[in-house]
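These two chains come separately, so use the hints to put the complex back together.
Protein chains in written order, with our numbering: chain Z, 1 to 574; chain V, 1 to 495.
Rather than coming from a laboratory, the hints here were simulated on the basis of the structure.
A short, non-exhaustive set of chain Z residues, derived as facing chain V with CB atoms under 8 Å:
#1 Val220
#2 Leu262
#3 Ser384
#4 Arg486
Positions of the beta carbon are idealized from the N, C-alpha and C atoms, including for glycine.
Listed here are the chains, written in short residue letters.
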Amino acid sequence: MTNAPIPTDPVESTRDVAQAVYGLVLERRQAALAARLQKSAAVMTGRATIVAIGPRSVGKSSLLNALLDRPGLLPVDVDVSSNVYVRVGFAPVPPGATDPGERVLVEFIDGREPVKMPLEQIADWASEGGNPGNERGVSVVRVRLESPLTKAGIWLTDTPGAGGLVAAHGAVVRSACQHADGLLVVLDHMLPISETVLEFLTSFGEFRPLVVFAFNRTDVSGDTERSIADTRALLSAKGLDDLAAAPMIGTSAFLFREAHALGADGMPDESLLADSGVPTLRATLMSAILEPTRRRQASVLCADLADVLATLAAPDAGMLLRSQDRSAITQEAVSELRRLQRLDPRRELVRLLGTLREDSDAECRMAIMKAMQDIEDDVEANYSDALRNSLPARIEDEIQAVWQGVSKAMQTEIIARAEQVIAGIELKLPESKLPGYRPGKLPPVPPLPSARLRNGLTWLVDLILMPWNLLRRSATKHQQQVGASRASSVKYVNRERNGALVAAPHQLRRDYNAQVEQAVEALVAARATRLEALRAVQEAVENPATPGRVAAAEQRLSVVRALEARVRELASNL
Amino acid sequence: MDDATRNRDLASEVATLLAEFAADRELAGLRPHLTAHLERLGERLRVAVIGEVNAGKSTLVNALVGKDVAETSGGELTYVNWWFRAGTPERMRLRRPDGQHDVVAIGTCLGDLDLGHPAPVEIFLDSTLLADLTVIDTPGLYSLRHDNSERTRRLLDQGRDQSVKAAREADALLYLTASDLPGARDQATLSRFTAMFGTVRVAPTNALMLLSRAERRADRSVTEDPLVQVDALARRYRADLFSYVWDIAPVSALAAALARTGRIDDGIAREVRALAAATAAGPGVGEPSPLRRRLLLSDDYLRSGLDGRGMSGLLALCDRGLGCYEMRAMLAAADRDEATAARLAGALEAASGLQAVEDLIRRTFADRGGIILADAALADIERRSYTLRPALPRRAASRVRARCEALRTARPELQDLVDARTAVDPAVRLEPEERSELAALFSGESTRLPAAEAGRRAETWMARANAVHTTPQQCAIALRAHTRYAEMLRGDDPA
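Extracted from the complex, chain V is given alone in its bound form (with noise of 0.2 Å):
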């Protein structure tokens, strides 16, 4: 049994208990919230795309589900959120301000936008990844440019609105951003994060950050991959954003969404092929030909080395995105073998660092869509039980709660979601090497240790559990750390 599906089958359990907490006489008072989570628990889970204006996540959402949507539709489209849907056939649904709906095919133009009604567009596709999630697209939380206009800014204002909404909608977020990475040196890294992206938050277990145009952040100068450099740079800053996201990864979102998008026809491999072949053979061995290094300068230059070249299908390719870094791609692909268009498209496709994004976003969100909804549940419900008190006997309340702390204990893995939120929360105060030590554990990142190992850190985390100064919410984790160790010690570790 894989993880999506045990995952799934621990939705249907806590639906189950919410079922029976719904049909119990004694608990009216929390029956509204169980219905709105049951329903909930039976949807896919919902990654909202956040970040700045142009940086790229509409681009990013086209090359995951294998589909140009957004750019077809008019420009100001962009202001309002798209949800992305598993569904057949592919359609487009918007809500009119009447409250009707429309369904028109993809790729209709809406025409412009009404600013007083700005409906969510939901988009219902057929593919792989949609299967698990549904994905937000959003307007924006700012805007790197300085627009003066009035209705840009009413425009912005209300991107930023809708941006918020979406966030408080999803149960998962994907940060994407195309500016700098907060650095160690700067003062205060994390309040760097928070000014990027404001109070949009949700739990750093369930939040994944992206660094769109990773290419455009490399150093030109030296041969090294731009990914691969930007990857290291991410690397360097992943335990500082800790108690903000779960990971970090570059993403090149245009050559991704070239190579997915069914932009790479015959007719562009053809013109890939000649192209390769008249600027083929540098000087020395592995080294681009002058012809070649004068065409991939800057993207003037390929435009205008294409233009000379009567090259018309790039060339149009360059409206949507092809720049010298997704053309340097192809090239190198069509000096390596015959270029179909399939191999030219993985090629861009390796180049984008796509392959790795979508791995991310399945072990982390797909994978876990249905703990993650699980635990959102429990914890709400958990929650409701103390502060809905005078609608809700004191007795029932209670039962409510030990009914959940059971289900915790026969289903592990919720408790350790539970953990590792509480590991990699900056309000426990852990000592960094605490909290990567604690965040691998229960994420079951970490591999399984040897008896003698696993002893002694159960002992040092119970050490650690009775020390003077221990707060009571460090005593607990650190309780945990030590019954994790100590279930290794024996052996029945159930993971």
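Bound conformation, chain Z alone (with noise of 0.2 Å):
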């Protein structure tokens, strides 16, 4: 009986394949193989992090509860509604535990213990109305969630409407999106794309996240059909291509929401539906950042296991290579293991590093004195109630853009010296000699240079969320201590700057330490890798090879080079 090859999903495909290599990987007891497992299987979630983004006022939120079908979930009003992050996802509930399947988490900046809460009470704690100027200083609200998106591995984040996408803020808002997997850019469907958007978008850069476009609210009168194209031509003559060539949906969570009051029999009317174009956004967000966000993870995923199975087939083949060839394993071999051996990542980076960390400190009190310093004159110049209400606020964005880019500075710093130890890990012997050797850097991985320390360093991805905690106290309490007259504000500018220089210091040496501590780890385990192949060659050197003991290293072998071999096949796959 023959069966056709059942076409599957490569990413599930994946997922077996590391789970058959974890099994072998225990069955040779290979401990610290496992745990590497282990962790780079985490990187792998099958979720997608989109975060909404967009001008005010131009509906993020209803477009969410629409695309999420659950309307007055988030927060909604005609002027700035939302002014916390909420981040939508769904996990499951491990059977058997008590926690309710829907729910909301707030947690605070002051590192309180989080709260939870049932969904109605979002507007308590995210919306301008229940929470004005965030006075309950909640750093983020998570919302657990069950509905198709969300099931499908999509986690929303919402972001605050206030302060929009210029300045310090944006700056603030461009680090949450920097790990995301996809940027929802929402638009007023009556204009083309801003120059304000325009210029949020291209700062990413290179690592910018994969883009879909929202024209919003359709219902009012305008010409989406133009405003797209006039989007579409005026990236391309920008040279954004790849932006240019982005999915471009008309939405109107208006429709979506009489669709459903005005169909029969409890189901939506299906044309008001799709001319919602709320359907079409989910498939979207499905097919343009969902999907290649899966195959990326199962790519970095693929790169570890052949890895690790080169790993687990060195010693075995050192024995066969013996069998063939004993010439061939040369006293160059055994000097070479001596370097690796003698080699100390740690010591060889922070050499490298030299003066990074007092560098960066010098720059990040010069950046904060020179952003205090322009809100001082601005207070100066504009003094008004406006521009003192949101003084505890812009404070607090332009320390976190100085400090989130500063800190990004230094990780590429850290990331760069980091690859300059790697290559002197690599093998200095030809290729061929060396079993279980493989050129050692994989091809880039975006958004981050190195996939191999990138896997090190996801944890960024929580960096936003985790504020400046020297700094940050509650809202109404900075209000407070604002004082309602132009010299009080003045100083109050002037004792905030003074508590962020005391604390930038040790914010930026937890910074540097956690980050080098990730690029050492990452280091370490490189180094391992080669070390094992070489000691295989040693140990292939010393032991005398038996007909029995190269009929089992064959036989192991070929289980390896199997798994090898689907794992080639799954990597040309994604």
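Here it is in structure tokens:
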């Protein structure tokens, strides 16, 4: 009986192969490899984080409500409505847990114990009405919600409407987007993309997440087709051909609601639903963001699997090599082993980094001084109620922007130096003579330059929502401190500047240590892989090869080779 | 005697003074400026409507003067300034490149624009608003759309130049914007305003800001009247823009133009009645029927619904800007009682917010026309009495200033205008609360206070004037506030 191969999802197959490799690793009792596999498998979540951005009052929150099919979930208002980050996702509840399926978890900027509550209470925490000026000090509202979209693996983040995409606040939003898998850019359908949004999108450089545009509020008069055509023309005129080719969809949350209201027998009106563009947008998010993200995750895992399999194959391959050509194993391999054993990745990295931390520290202080001076000048020149009320949030934004800018520059530098160290770890022996040796570097996987280092640095995803703890306090308390006059506002700015200058070195040291630690971990793993290969060579030199041993090695090797072939095939499909 | 008449008297008083100066042989150096001001004082106040391309400036002006003028005269002519003046018979006057004038009937197609000679088109109309004001409709400062054709770009550039020119020639400005309001948490609220309108400025006491397309900013999922929603938004931001504009109001220019330009005739009224009858009666009381709800989903649904019912009159209006917002207002009116053309137009007007805008324009510009012109003339002559020094003998110059000062003392409303302007000037660095208080005090918006309160405030301002870090400007304005409250206390408040 012959069966045609069942066409399967390459992402699912990768998971299966990973499972098989993990089984093999356990069987061979390789604890270090097992731990490594567990870690890289965690990267493959099968989820895509999508951040909704756009100018204020274009109906981001209403559109997200429509996408999730939950009218009234996120607060909506004619003015700025949402004022904190709201992340909506879904994780299956473990069987037997007492936790209800859907709930809201409110996290606070001062690190207080998060609060759980039912969905209906989001507005009390996340809207300008319920929580004016974020006086309750919310850092993020996490919503667990069961909807087709979240169950498929799309996690949506709503960004605060206030502050816009310019200046320091824009920088904070940008870093929220930097590590997302996709951006949902919501625009008013009446006009093409504005300079502000365009500038915001180009500022990502090469590490821009995937983008889908929604031209919202098509129910209000305006020419959607023309806006979309103009946007594409404008983007290609600026040489942003990938953005010009991004999906652009006209949507209307209002029509979506009305489709449900005007439908018969509890079913929505099909033609209205299609006109609302929401189903199309859902499908596009799946095909243009979720699917590529899952494939990318799978290809990162594949690269790791190939690495692990090569390490597994090394001893047996060494054995076989020796049985074929004893002279191939030279003294050179042994001296290379000694060199690698002597090489301490941490010491090497720290040596290359030199005075990076001190330099970043100085740079951060300078940037804070300058930003605060600008604010102070502004207070002196344009003092008004609005300016005074916006001071705490603005200072907060400025400091966050400075910190993230410096921290990111520091990270780039650390990754560059780590790659230098990795180059030293690469073996200098001819490739053919070294079992288990694979040309070290994998092709770079965006958004981080080195796939190897990227895995270790995924913690940055949460960075934006982890505030500058030493400085942040609740907005009300701040508001009281500002005082009601120009002079006291200037005093407040100065006090905040001094606070930030004191906090900056601590904060940066924390970031620096964490980032170096991540890099060192990746380097140590790389060195271990190569040492493993060399030890296999050494062992092969020392132990006599009997026919029985060779046969056993051949058998073990064939299992690994079979898996390697599958991984190669998968990687080429991804 | 009402405000308008009193202010016109004031203008003629200033004119007399300037004429006296003009006759003075020692003041020969001032004469050209005096003549110019005398001419202006005889004219009506010029109000220029400024905003981005497509903000609805022409539509609004059409609604204000009650006549469709611009659209019948060739598309590109919206790239020149249109001056709307009072006059009969109603006619248009154009200047040819050779300097001659052509007078044609309103509605004549003027053809395409000669880019080399952008001259304003003058429209003479018989309208109540124009009896007090001259309105200048401008091409627009910038376009929110990106247009790449060479001709369009040239037209846009020229439009910007023309708009700036009109603003320079005007005494008062009406800023109109269809884009978003600068918000409180947006950084540097005021710089956003500057980004929108650039350097096109007049004293904030002579400027208003209108939010056009008010209906499309509102949240459609709530039942509250869209105009009320946007008005609340405008109130919230009024104080933030105090040093730029005196007040902010929402308007739906399209609805206003439909209501005011005679588009709603008996044929339309018949169709609206039929449509209201066909889509009446919802499932619950006060709820629209599914049929009507579907009709009013969006402009496209409205159009196809009208098409399906063969309502050609309404369909033709759709091309003139009739949308679901306007249709909803008319249908609601038809539900209430017998829908005559006049009643429907009334319902549209009520939905457009035009009445409130007209009130605001009358209060801010028409009634104060005389005082704004008089103040501008006095201020300019005073300034020149310093700058024209070699041509003007020192003694003569100080006599001019003394006479101007004397006139201000005799007519305190002139001094009040100067003080109100100082109060909202950001350079004077007052606290926001002080600023609002002074603006209300000097504009006559504040109600008469009880004696005790007035006395307390008079003392507070005296103390403020004597405080250690007070700048000369702050001191001067604080003393003025003290005087005003003291007058109130004595009960000889002129207002």
